[in-house]
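Novice: Residue numbers (numbering that gives the first Met the number 0), protein chains in the order written: chain A, 0 to 321; chain W, 0 to 298.
These aren't lab readings, by the way, just hints derived from the structure by calculation. Warning: the hint list may mix true and false statements.
[Unchecked claim] Partial selection, computed: residues in chain A whose CB lies under 8 Å from chain W:
| hint | residue |
| --- | --- |
| 1 | 117 |
| 2 | 159 |
| 3 | 201 |
| 4 | 206 |
| 5 | 209 |
We treat Cβ as the ideally placed atom computed from N, Cα and C, and that holds for glycine.
The primary structure of each chain is shown beneath.
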Amino acid sequence: MKISRRDFIPLAGAGLMAGYAGWQGLRSRRNAPLGPSPVAVIKATSYSEDLAQRILRGVRECGLDVRGLNVLLKPNLVEFDPNTSVNTDVSVVAAAYEVFKSLGAAEVLIGEGPGHRRDTYSLVEMARYREISKFDDLFVDLNRDDVTAVEKFADRAEMYFPNTALRADLVVSLAKMKTHHWAGATLSMKNFFGVVPGSVYGWPKNELHHIGIPESIVELNRIFRRSFGIVDGIVGMEGNGPIQGTPKPAGVLVMGSDLPAVDATCCRIMGIDPAKIEYLRMASDGSLGNVEESRIEQRGEKINEVRTNFALIDSFRGLRLT
Amino acid sequence: MRRSILVPDSYLGVRLDILRRSQNPDGGWSYYTGKQSWLEPTFYGALVLHGDPAADRAWSLIKSWQQADGSWPPTAGAAISGWGTALCLTLAHIRGEIDGTFLKGLAYLLKTAGTESEIWRRALAKFGLVDPGRNLKLKGWPWKQGTSSWVEPTAHTLIALKKAYTLLPAPELTERIHSGQALLLDVRCKDGGWNYGSAWTLGEDQRSYPETTALALLGLQGRPEAASSLDMARHWLQETSSSLARAWITIALRLHGIAVPNTNSPLKGSGSPDLMVVALEALGAPDGNYRLLKTEAAG
């Protein structure tokens, strides 16, 4: 059965989606002016700090209400390497779970579809995610979940997505602050690559590369429009990210409901010009979110107080924010 | 072959019991209990239980999924011509089901090749102006039609075509088998194992992974060049904690004639709720059906 993302929600019984701005709705709003977007930058210099309190503060600063919603937390577990900082730290995932439960979400699940063909449960074990209480009951392997086709994805007639992600009222992109050797930076928007099922498209998710990485990032964020971004920049990755780079402490958590605004803010913190990141430019042109600094309401820390330039590979030297 | 004499608490017996209990009513297996049937775990379940009525039910389901172009989708209703076609051909050969279904699947695999890079990049590579990191003339197989060749689908297709070659030693098969094997050898990493697609990206050597190393070795059965990678596979078997990786490496090493230490505990290695992992562990057990994936050199 093929459905649009818009059709899926009532089918799934999620009547709370009255305000849902799906693909068709968003298309009609293309180029419509957006209001300013709040983005919270919260200092956190170590994973041993009280991260739940910091995430709670950021969520409140952004005015997010999750009462009664089915929430899917989507961390970045593209791969695991103990010698660097590839994935969203377990402390951030655990703290986010605690916060969304405490704010009255009806259900909070954790889901990820790693980018490489690995034993998912081995990856979550190595990343210590299984230390989260009752993790196995909360976790959904998005690479191997049941799937449903959604109509239209860039130039493709349809694209299959995991039902758990389609059914969620809110997908929280728990991303890692990293440079990316193809996209420039991988943050809350690029993190949605993990909802594309490897069991359908293979590992890595090469279909997205053929469609185009920027195009795919924007399309995924149009489909999963009800989202919130929390970027783990406590220790990010610089250089040849997203897997082979080196750890880079930035000491921040960045969050907001407008993911292009969240990612543009992260870029500025990393010393990257967001106007030179193609997917952010496309997101801004398509009214998916705000990228211009003047249209982002910065809350918490000021960017110039937390900015720390991330090392860039040679081919991306031109991205440096001046 | 029937396995009813196995005691249920043996390494293999425990896994056979899990698989029998988790087979979906339609005859297939899901990756996780209670979900829809998928081609990949159903293939491995059918191999493990080969000769059992459960495997016949699995084959009936898989056969019903074949698409008009001869390919198979990854699951029912997903209208995608996918890499799983190779698995279905291998299973059909093992079962001796050489009929129109098999021939249509074979024709699909022979006409399918990875689409390597963009036209302009291929043109630049032809004139030596860019280094694509691999020989673009070599043809492998993609996960999905219209995308690039990758190690895993190429390895699975080599197994299927080598099996088909024993029945139909046609020049087209020889050519594709040789090209696919050459591709795998071309993208072997410096450490002796395999990454997902290339050994080199953006000027940096890629590291190998245990899963892809094992699968490449399965695709290279019968090729003497594979021997130099067996040490890397042994290394991965000792190093990795991944149940999936250990199962695939065990199968690959056994098929290359390398002794693999038997597990001491009946449940050792178990723990993943992924039924495909359970099936692969059963397949790679000393008394498992891993030999069904044995192939010889072709042509």
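Novice: Look at each hint and say if it fits the structure.
Specialist: Hints and how they fare:
The closest approach between the C-beta of residue 117 of chain A and any C-beta of chain W is roughly 6 Å, which is under the 8 Å cut-off, so the hint is satisfied. Taken as an interface hint, residue 159 of chain A checks out: its beta carbon lies about 6 Å from the nearest beta carbon of chain W, inside 8 Å. Satisfaction of the interface hint for residue 201 of chain A is found here, the shortest Cβ-Cβ separation to chain W being roughly 3 Å, below the 8 Å cut-off. With its C-beta approaching chain W no nearer than about 6 Å, residue 206 of chain A sits inside the 8 Å limit, and its interface hint holds.
Hint status for residue 209 of chain A: holds, given a least beta-carbon distance of 5 Å to chain W, under 8 Å.
The structure meets every hint from the earlier list without exception.
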